[in-house]
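Participant: Guided by the hints, dock chain B onto chain A, whose structure is given.
Taken in sequence, the protein lines are chains A and B.
The numbering used here numbers the first residue of the first sequence as 1 and each following residue consecutively.
The numbering used here numbers the first residue of the second sequence as 1 and each following residue consecutively.
Rather than coming from a laboratory, the hints here were simulated on the basis of the structure.
Since the model is a prediction, treat every value here as computed from it, not as a measurement.
Glycine included, each C-beta is placed from N, C-alpha and C at the ideal position.
It is possible that some hints are incorrect.
[As the list claims (entries may be wrong)] A short, non-exhaustive set of chain B residues, derived as facing chain A with CB atoms under 10 Å:
{"no.": "1", "residue": "Asn91"}
{"no.": "2", "residue": "Cys108"}
{"no.": "3", "residue": "Val112"}
{"no.": "4", "residue": "Asn114"}
{"no.": "5", "residue": "Ala162"}
{"no.": "6", "residue": "Cys165"}
{"no.": "7", "residue": "Gln168"}
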Amino acid sequence: MKTKNTFQSPVLALLAKQPALAVMALLAVFPLIFPFHSLAINILLFGLFAAGYNLTFGYTGKLSFGHAAFFGGGAYGCGILISQYAIAWPLALCFGVVLAGLLALLMGLLAMRTRGIYFAMVTLALAQCVYFLFFQVNSLTGGDNGLRGVNVNTVNFGSLKLDLLNPLVKYYFMLAFVAIAIWLINRILNSAFGSILEALRENEHRARACGINVEGTRLLSLVISGMVCGLAGALNAINLSTVSIDSLSYQTSGQVMMMTLLGGMGTFFGPFLGAGIFLGIEHVVTGITERWQLIVGVIFIILVLFFPKGIWGTALARYKK
Amino acid sequence: MTNTAILSTRHVTKKFGGFTANRDVSVDFHRGKLTSIIGPNGAGKSTFFNMVSGSFKPTSGEILFDGKSVGGLKQHEFAKIGISKSFQITNLFPALTVLENVRVAVQCLQSVYNIWTPRSRHAEWVEKAELLLELVGLQDRRNDLAENLAHGEQRCLEIAVALACDPQLLLLDEPTAGMSPEETRVIMNLILKLLEHRTIGLVEHKMKLIMGVSDSIIVLHQGQLLMQGTPDEVKNNDEVKRVYLGKGNH
Chain A
1 MKTKNTFQSP VLALLAKQPA LAVMALLAVF PLIFPFHSLA INILLFGLFA AGYNLTFGYT
61 GKLSFGHAAF FGGGAYGCGI LISQYAIAWP LALCFGVVLA GLLALLMGLL AMRTRGIYFA
121 MVTLALAQCV YFLFFQVNSL TGGDNGLRGV NVNTVNFGSL KLDLLNPLVK YYFMLAFVAI
181 AIWLINRILN SAFGSILEAL RENEHRARAC GINVEGTRLL SLVISGMVCG LAGALNAINL
241 STVSIDSLSY QTSGQVMMMT LLGGMGTFFG PFLGAGIFLG IEHVVTGITE RWQLIVGVIF
301 IILVLFFPKG IWGTALARYK K
Chain B
1 MTNTAILSTR HVTKKFGGFT ANRDVSVDFH RGKLTSIIGP NGAGKSTFFN MVSGSFKPTS
61 GEILFDGKSV GGLKQHEFAK IGISKSFQIT NLFPALTVLE NVRVAVQCLQ SVYNIWTPRS
121 RHAEWVEKAE LLLELVGLQD RRNDLAENLA HGEQRCLEIA VALACDPQLL LLDEPTAGMS
181 PEETRVIMNL ILKLLEHRTI GLVEHKMKLI MGVSDSIIVL HQGQLLMQGT PDEVKNNDEV
241 KRVYLGKGNH
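Excised from the complex, chain A in its bound form:
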């Protein structure tokens, strides 16, 4: 029977108590039970993207419509260095993350004073600026055609040679970075700064009266969020060997918000679950009809109606008490 603070399933209990470890463990066994490996990589990377977005949306309580700028910015930053300048991928990856962080800093400085729907609109507008900037700089980004030739086919770690053309190997290569990011996010959420974020989400006025610089705190969390999304984008550039201009489009911002909402905003596991469900549904429905967005939209509405806290958020709330 149900008792207080115990979970019926040990997996659920582990996910609630040690979310970072549990998410890593789940992601580690995921491709072994899920045969579509390239879809698994997509879920992994979009899960990371959503986890980064969740830092802004879920943990800081700011609805952003501009996170595509960080995802796409990270992807282009990494991709351009690899394809145009033949720079080693680890450096390019770092550059993508830093570029996304800088974009987040800039966007935050301009948008952080606004709240609610205005923040959403300002971030959307700024992300569109980034979109057209990359679209216009044809020689560097390939413009409409996208950036090609982001080829990282083999990776050497000392004597260990990884063949990234093998999807399963590529998955675990990506997972190494995703795991580091998950560990960092968990560390940040449990840090002193993490409790300031909680206080801020609970009551901005009280927090301000206690001496918290609300704008500064939110700016830092947006930069961290942007860097995580940038990492997801940079890894995705390596994953696809190309960067499409769509990665910067507002649809991408909308998708990551839907994934986070579906899974459960403000929860650790939610974004990964949301990414899995979203991409899973998309994968299945696109095989059936061209008008897949119609069906995905209906499913999305139903899920939001019946799981307002998201699927994992609802599960947590139901099992926890």
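Facilitator: Okay, now just chain B, sitting in the frame of chain A:
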């Protein structure tokens, strides 16, 4: 005379568009004393409270804390210089525990941007929070969520939260609003206990309460200062009687 004042206002005026909420108010909050702000509804008490506690900036005039002008500081900087407040409507972190409410408030002035060190590494924040909870008598409820406390307990918790930054000046906006007589007594005793080490300013409606405990009373009327004086001076002032006391007799 003014050198014992911890906070003074000089010709402070606050306008909202064409409406003047406070006009030319010059008062002193003396160190170690309890100063109350009274006045009929619409007298500008809340606006004045919000200016001296940092929520509003005065349109003109000066606010001096420890002799230095603080009118240009932002709200979050008030806690740092030693002015802390509680709100008229209870303002807590509702889904956090009682202990966490105070612990995070203690943390606010020590460490905000540390994204690396786990919060659990700082036992001293918890210790200080426990002491504050003991002071306000909530130590037994430390693990309950703030939203599950009774109204009176929430007001006490808010005082503990406000005390977390070790304020020299504690400002309370109607701390006994909506309280039973018993709860009111508890809170007034707490306020007198706190007064041993601090300066306190409060806005209050309950006249009898104020008269008994205040060292100094500021009477506002239609946004302006009517007088500042001891409870006896206020009681015996004809104009105060006319605009305020005269109507209800208390």
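Participant: Could you run down the list of hints and mark each one as holding or not?
Facilitator: Hint by hint, here is what the structure shows:
Taking 10 Å as the C-beta cut-off, the interface hint given for B/Asn91 holds, the closest approach to chain A being about 5 Å. Satisfaction of the interface hint for B/Cys108 is found here, the shortest Cβ-Cβ separation to chain A being roughly 4 Å, below the 10 Å cut-off. The restraint placing B/Val112 at the interface with chain A holds, with a minimum CB-CB distance near 5 Å, inside the 10 Å limit. For B/Asn114, the suggested interface contact is upheld, since its CB lies about 4 Å from the closest CB of chain A, less than 10 Å.
The closest approach between the C-beta of B/Ala162 and any C-beta of chain A is roughly 8 Å, which is under the 10 Å cut-off, so the hint is satisfied. With its C-beta approaching chain A no nearer than about 6 Å, B/Cys165 sits inside the 10 Å limit, and its interface hint holds. The closest approach between the C-beta of B/Gln168 and any C-beta of chain A is roughly 14 Å, which is over the 10 Å cut-off, so the hint fails.
Of the numbered hints stated above, the single one contradicted by the structure is hint 7.
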